[in-house]
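Protein chains: 2
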Amino acid sequence: MSEDYRSMWTELGLDLEAHDALLGVLGQAYQDIYLAQKDRPEGMGYFDFVMSEVHGLRIKELLDEKTAGRKIVGSYCVFVPEEIVLAANATLVGLCSGADFATEDVERLLPRNTCALIKSAFGFKLGKVCPYLESADMIVGENTCDGKKKAYESLAGLVDNLYVMDLPQVKHENGRALLKAEYNRFKDAMESLTGVSITADSLKQAIRTVNAKRAALHRLSALRKADPAPISGLDALLANQVFFYDNPTRFTDSVNKICDELEKRIEAEQGVFPEKTPRVLVAGCPQAVPNWKLPMIVETTGAVIVGEESCVGERGTRNLTDESGETVEAMLDAIVDRYFKVDCAIFTPNPDRLDHIQQMVADYRADGVIHYGLQFCQPYLMESIPVEKALEEAQIPCLRLETDYSMEDVGQLKTRVEAFVELLK
Amino acid sequence: MSEDYRSMWTELGLDLEAHDALLGVLGQAYQDIYLAQKDRPEGMGYFDFVMSEVHGLRIKELLDEKTAGRKIVGSYCVFVPEEIVLAANATLVGLCSGADFATEDVERLLPRNTCALIKSAFGFKLGKVCPYLESADMIVGENTCDGKKKAYESLAGLVDNLYVMDLPQVKHENGRALLKAEYNRFKDAMESLTGVSITADSLKQAIRTVNAKRAALHRLSALRKADPAPISGLDALLANQVFFYDNPTRFTDSVNKICDELEKRIEAEQGVFPEKTPRVLVAGCPQAVPNWKLPMIVETTGAVIVGEESCVGERGTRNLTDESGETVEAMLDAIVDRYFKVDCAIFTPNPDRLDHIQQMVADYRADGVIHYGLQFCQPYLMESIPVEKALEEAQIPCLRLETDYSMEDVGQLKTRVEAFVELLK
Numbered sequence: 001m002s003e004d005y006r007s008m009w010t011e012l013g014l015d016l017e018a019h020d021a022l023l024g025v026l027g028q029a030y031q032d033i034y035l036a037q038k039d040r041p042e043g044m045g046y047f048d049f050v051m052s053e054v055h056g057l058r059i060k061e062l063l064d065e066k067t068a069g070r071k072i073v074g075s076y077c078v079f080v081p082e083e084i085v086l087a088a089n090a091t092l093v094g095l096c097s098g099a100d101f102a103t104e105d106v107e108r109l110l111p112r113n114t115c116a117l118i119k120s121a122f123g124f125k126l127g128k129v130c131p132y133l134e135s136a137d138m139i140v141g142e143n144t145c146d147g148k149k150k151a152y153e154s155l156a157g158l159v160d161n162l163y164v165m166d167l168p169q170v171k172h173e174n175g176r177a178l179l180k181a182e183y184n185r186f187k188d189a190m191e192s193l194t195g196v197s198i199t200a201d202s203l204k205q206a207i208r209t210v211n212a213k214r215a216a217l218h219r220l221s222a223l224r225k226a227d228p229a230p231i232s233g234l235d236a237l238l239a240n241q242v243f244f245y246d247n248p249t250r251f252t253d254s255v256n257k258i259c260d261e262l263e264k265r266i267e268a269e270q271g272v273f274p275e276k277t278p279r280v281l282v283a284g285c286p287q288a289v290p291n292w293k294l295p296m297i298v299e300t301t302g303a304v305i306v307g308e309e310s311c312v313g314e315r316g317t318r319n320l321t322d323e324s325g326e327t328v329e330a331m332l333d334a335i336v337d338r339y340f341k342v343d344c345a346i347f348t349p350n351p352d353r354l355d356h357i358q359q360m361v362a363d364y365r366a367d368g369v370i371h372y373g374l375q376f377c378q379p380y381l382m383e384s385i386p387v388e389k390a391l392e393e394a395q396i397p398c399l400r401l402e403t404d405y406s407m408e409d410v411g412q413l414k415t416r417v418e419a420f421v422e423l424l425k
Numbered sequence: 001m002s003e004d005y006r007s008m009w010t011e012l013g014l015d016l017e018a019h020d021a022l023l024g025v026l027g028q029a030y031q032d033i034y035l036a037q038k039d040r041p042e043g044m045g046y047f048d049f050v051m052s053e054v055h056g057l058r059i060k061e062l063l064d065e066k067t068a069g070r071k072i073v074g075s076y077c078v079f080v081p082e083e084i085v086l087a088a089n090a091t092l093v094g095l096c097s098g099a100d101f102a103t104e105d106v107e108r109l110l111p112r113n114t115c116a117l118i119k120s121a122f123g124f125k126l127g128k129v130c131p132y133l134e135s136a137d138m139i140v141g142e143n144t145c146d147g148k149k150k151a152y153e154s155l156a157g158l159v160d161n162l163y164v165m166d167l168p169q170v171k172h173e174n175g176r177a178l179l180k181a182e183y184n185r186f187k188d189a190m191e192s193l194t195g196v197s198i199t200a201d202s203l204k205q206a207i208r209t210v211n212a213k214r215a216a217l218h219r220l221s222a223l224r225k226a227d228p229a230p231i232s233g234l235d236a237l238l239a240n241q242v243f244f245y246d247n248p249t250r251f252t253d254s255v256n257k258i259c260d261e262l263e264k265r266i267e268a269e270q271g272v273f274p275e276k277t278p279r280v281l282v283a284g285c286p287q288a289v290p291n292w293k294l295p296m297i298v299e300t301t302g303a304v305i306v307g308e309e310s311c312v313g314e315r316g317t318r319n320l321t322d323e324s325g326e327t328v329e330a331m332l333d334a335i336v337d338r339y340f341k342v343d344c345a346i347f348t349p350n351p352d353r354l355d356h357i358q359q360m361v362a363d364y365r366a367d368g369v370i371h372y373g374l375q376f377c378q379p380y381l382m383e384s385i386p387v388e389k390a391l392e393e394a395q396i397p398c399l400r401l402e403t404d405y406s407m408e409d410v411g412q413l414k415t416r417v418e419a420f421v422e423l424l425k
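Protein chains in written order, with UniProt numbering: chain P, 1 to 425; chain L, 1 to 425.
These are computed hints drawn from the structure, not numbers from a lab.
We treat Cβ as the ideally placed atom computed from N, Cα and C, and that holds for glycine.
Treat each hint with caution, since some may be false.
To be verified - If we take Cβ atoms under 7 Å as the criterion, some of the chain L residues that face chain P in the derived model are:
#, residue
1, G45
2, K149
3, D166
4, V170
5, K171
6, N184
7, D188
8, A189
9, S192
10, L193
11, T194
12, L381
Claimed, not checked - Derived PhoX-like pairs: lysine-lysine, alpha-carbon spacing no greater than 25 Å straight-line:
#, chain 1, residue 1, chain 2, residue 2
13, L, K180, P, K180
14, P, K171, L, K180
15, L, K204, P, K389
16, L, K414, L, K389
17, P, K264, P, K276
18, P, K180, L, K171
19, L, K71, L, K204
20, P, K171, L, K128
21, P, K128, L, K204
22, P, K225, P, K171
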C-alpha cells in the first residue's frame, strides 16, 4: 500500500507500528493462502486488489465520502439492514473481527472463555488497528448471542457512538413485532445521524442495490454446483467476505464479471480441482477476514468447498428483500420479513437451519458437511449436535470442529479433516 | 429414608441403583458440610428433615397431590411465576440441577463447554435420578441464557411436556410487553393444564402465599445484618434452596420460626461465628442443592457469608408482588412489574445489579464480595468484570471465582479464598 495512507492512519488514531505488523501478517497470509492457489479465475484479480488495499484505498474512499457529508456506519452482524443505512444516504461496513489482537488487553474486559470473534472485535479496537472502526460515525451492535449482547456493554465505554439493536429470540408474532419496532427505531436513528429522511424512492433504490449484491452472490453460488468446481471455496469465501466492505455497486459488477468467466469455464469443463474431488459444505460460525484457516486446511487436503452455510455466506445473503412495496412502510415490512427469515442459531427453535443445510448439500452436490464452531460460541456449538444428528439420519457425513483463530491446532485439524475427506472419496 | 419409597421411585421410572448412589453421596455431603456445623439454630432441624426426605416425603406429598387431581409444574428459573401456577391450583417445584450426573451421556447432547447447571439438569434426566422431574406434569423452560435456550431444544426430546417461555433481553417498553404477553400465554397454559380458571380471588391468594414466603426470607436476611452472625451462610443458603421445593405455607412458617429464634440469639449477642469475623457477600450464579462447595470453603476459612446476590437468594426473592389489584388483569400486571425488576445478567444493560450488590454490601455490612461464576456461564462471567470494576471504585474488595460442580479445584479455591479473607481482616 502507498505511503500516502500513513498520514490517514495517523489521523484516524491508529497505532502505526501495530498496524504495520498486522498488515505484514495479513499480506503474508494472503500470499501463502490465496495467491498460492492455482488456476484462479482472472476476475479474482479485483478481489486481490481489494484485499491489498483493504485498509488503504477503501478507507480513503470512506473518508472521502465523509468529507462529502456522508456518514459511515459499522456493524458486526447480518441483522443490521443495509437497505435502511443506504436509504438514509449512509454507508454500511462490516467491522474487523477475524484475527487475534491485543489479547492481553482484551482479557481485562472480557472473560478468557469468550469466542474469538468477539475478542477480536475488542482487540482491533484496543490495539488501534481497525481503520473501519475508527472511520465509523456510528457502530451498531445487536443482541444476538449472550457473548455479543454483554460485550457491547463494555464496548460502549470504548467507542463514541454505539447503538445497540435488540433482537427477538423466537420466531413468533411477538418476535416479529419486536424486530419491526427495532428496525423502525433504527430507521429513525439513521435519519437522525444523516439528517436525511428516508423516502419511498431512496428505500426502493437501496433495496435494489442490496438485492443486486445478493443476486450476484446467488449467481456465483449456483455456478459452484458444477463438477469440476470452477472456483475454490477460498475464493468464493473471499467474495462473501468482501460483500461486507466494498462499494455495493462495484462489488456486484465484480462478482458478475467472475460469474461470466466461470460460465465459460464450466462450458469448457475446466475447474480449479479435478472432477470428482470430494465436495464439502462448511456450516456454522462466520469466517471474517482474515480467518481463512479452515478452508485453507480443507482445500490443501484434497477436497473443495462448494458452499458456506454461514453469516459470511448463504445464511447472510440467501433471501432477497421484496422490492414491490410503494410506501416506506410497505418496504420496511418487506425488510422485516426478509431478515426475520435469517436462520441464525440465536433463534429457538431453529429447524429451518437444519433443512437449509440439507438443501444446500443437495443443491451444491456436497459429499459431506464440516460444521465449523468457534470455541465458546454457545448457539452454534449447541446447535451443531442436532445438525449432526439430522445429517446422520439423512446419511450425510458430518465432521464437527471446534476451533479459534490461533494456528496452534492446525496440525490436529488437518489430521481430522484428512480422515474425513478420505471418508468422502 | 424409608424403604416404602422404593416402589414409588420405581413407579416414577428412576434408576434405583444410580439413585441410591446419589442419595448416598448427598447424605454424606450433608453430614460433612451441614451437620458438622456448630451452634446451628434449632429451627434448622426442620430443614435437616426436609433434606433427609428431599426425594422421599416431599415426593410422596407431590404424588398425593396428583392423586387428588392437582398438577405439578417443574421449572429451572425464577422467571416462572409461582403466583400463576398456584392460582391455577398447581404446585411449582424447582428441578434438580446442582450436581454432576451421567456426564458422558450428557455430553452426547450438549457441548462439553456448557455450564454445570445445564449439564446437571440433563444428567438428572438421563441418569433417571430426579423424582421431581419425573413427577411433573409440565416442565417449564425459559429463554434466559443461550445455553438454556438452546438446551431446551434437546430437552424437548427427553421429557413429555416441555413448555418454553420466551423472555425479553432489554428492559424497554417492548421487553415489558413481551414479558406480559408471555405471562398471559403461561396463564392460559396453566389453566389448560389444570382445567381450573384463574380468578381474582385465587390469584390474590396465590400472590399472598408467595409474598409470605419471600417476606419470611426478607426477615431472615435482615437478621443476618447482626454481628456476630446469628446463622451461617450455609444454613441461610439452604433455606433459599428449599424455597423452591417445599410446601409454600409450611416453608414460610418454618423460616419465621427460625427468625424468632435468631432474634433471641441477637438479643443475647450469640452467633455462629465470633464477632468481627470477616463478612462476605456472595454474588453471581445460582447455587442449587447440593452445590454447597463455595459456602463450605468460605465458612471453613474463617469468614461468614452474610448474603447471596443470586437467583437462589436475594435476586430471586427481593421484590414482593403488589397485592392491591382487584382484577386478574391488574394482578397480572403487578406480577409482570415484579418479575421485570429481576436483575438477571441476561438483561442488557443491567446497571440495577451493580447497584443492588453495593446496596447489599452496605445492608449486610459485608467486608467484601466473592463473585461466584459457573464456568461457561457467559452472562454472569461477562458481567463479573463490570461488577468487579464498580466494587473496586467503591473500594470494596472483590474476588472473582470461576468454577463448576466438580471437587477437583477445591484446594485451589480454598487457597484463593484464604488469601481474600486475610485481606478482609
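To see whether the hints hold, each was checked on the structure:
About 41 Å separates the beta-carbon of L:G45 from the nearest beta-carbon of chain P, more than 7 Å, and the hint is not met. With a cut of 7 Å, the hint placing L:K149 at the interface with chain P holds, because the nearest CB-to-CB distance is about 5 Å. Proximity of L:D166 to chain P holds as hinted, the smallest CB-CB distance being about 5 Å (cut-off 7 Å). With its C-beta approaching chain P no nearer than about 5 Å, L:V170 sits inside the 7 Å limit, and its interface hint holds.
Contact between L:K171 and chain P, as hinted, is not supported at the beta carbon level, the nearest pair being about 10 Å apart and thus beyond 7 Å. The interface hint given for L:N184 is violated, since its Cβ lies 11 Å from the closest Cβ of chain P, which is over the 7 Å cut-off. The beta carbon of L:D188 is not positioned within 7 Å of any beta carbon in chain P (closest approach about 14 Å), and the interface hint is therefore violated. Taking 7 Å as the C-beta cut-off, the interface hint given for L:A189 is violated, the closest approach to chain P being about 14 Å.
Because the beta carbon of L:S192 sits about 18 Å from the nearest beta carbon in chain P, more than 7 Å, this interface hint is broken. This hint is violated: L:L193 has a C-beta 20 Å from the nearest C-beta of chain P, more than the 7 Å allowed. At its closest, the beta carbon of L:T194 sits 24 Å from a beta carbon of chain P; the interface hint therefore is violated under the 7 Å criterion. Because the smallest distance between the Cβ of L:L381 and any Cβ of chain P comes to about 4 Å, under 7 Å, the interface hint for this residue holds.
Using a Cα cut-off of 25 Å, the hinted pair L:K180 and P:K180 holds, with the two alpha carbons roughly 18 Å apart. Of the supplied pair hints, the one linking P:K171 and L:K180 holds, its CA atoms being roughly 17 Å apart against a limit of 25 Å. Between L:K204 and P:K389 the alpha-carbon distance is near 47 Å, which puts this suggested pair outside the 25 Å criterion. Taken as a hint, the L:K414 and L:K389 pair is honoured in the structure, with Cα atoms around 23 Å apart against an allowance of 25 Å.
Between the alpha carbons of P:K264 and P:K276 the distance comes to roughly 20 Å, so the proposed pair stays at or under 25 Å and holds. Taken as a hint, the P:K180 and L:K171 pair is honoured in the structure, with Cα atoms around 17 Å apart against an allowance of 25 Å. The straight-line distance between the Cα atoms of L:K71 and L:K204 is roughly 20 Å, inside the 25 Å bound, and the hint therefore holds. For the suggested pair P:K171 and L:K128, the alpha carbons sit about 33 Å apart, so the restraint of at most 25 Å is broken.
Distance restraint check for P:K128 and L:K204: the Cα-Cα separation of roughly 58 Å exceeds the 25 Å cut-off, and the hinted pair is therefore not satisfied. This hinted pair does not check out: P:K225 and P:K171 have alpha carbons roughly 31 Å apart, beyond 25 Å.
The structure shown violates the earlier hints numbered 1, 5, 6, 7, 8, 9, 10, 11, 15, 20, 21, 22.
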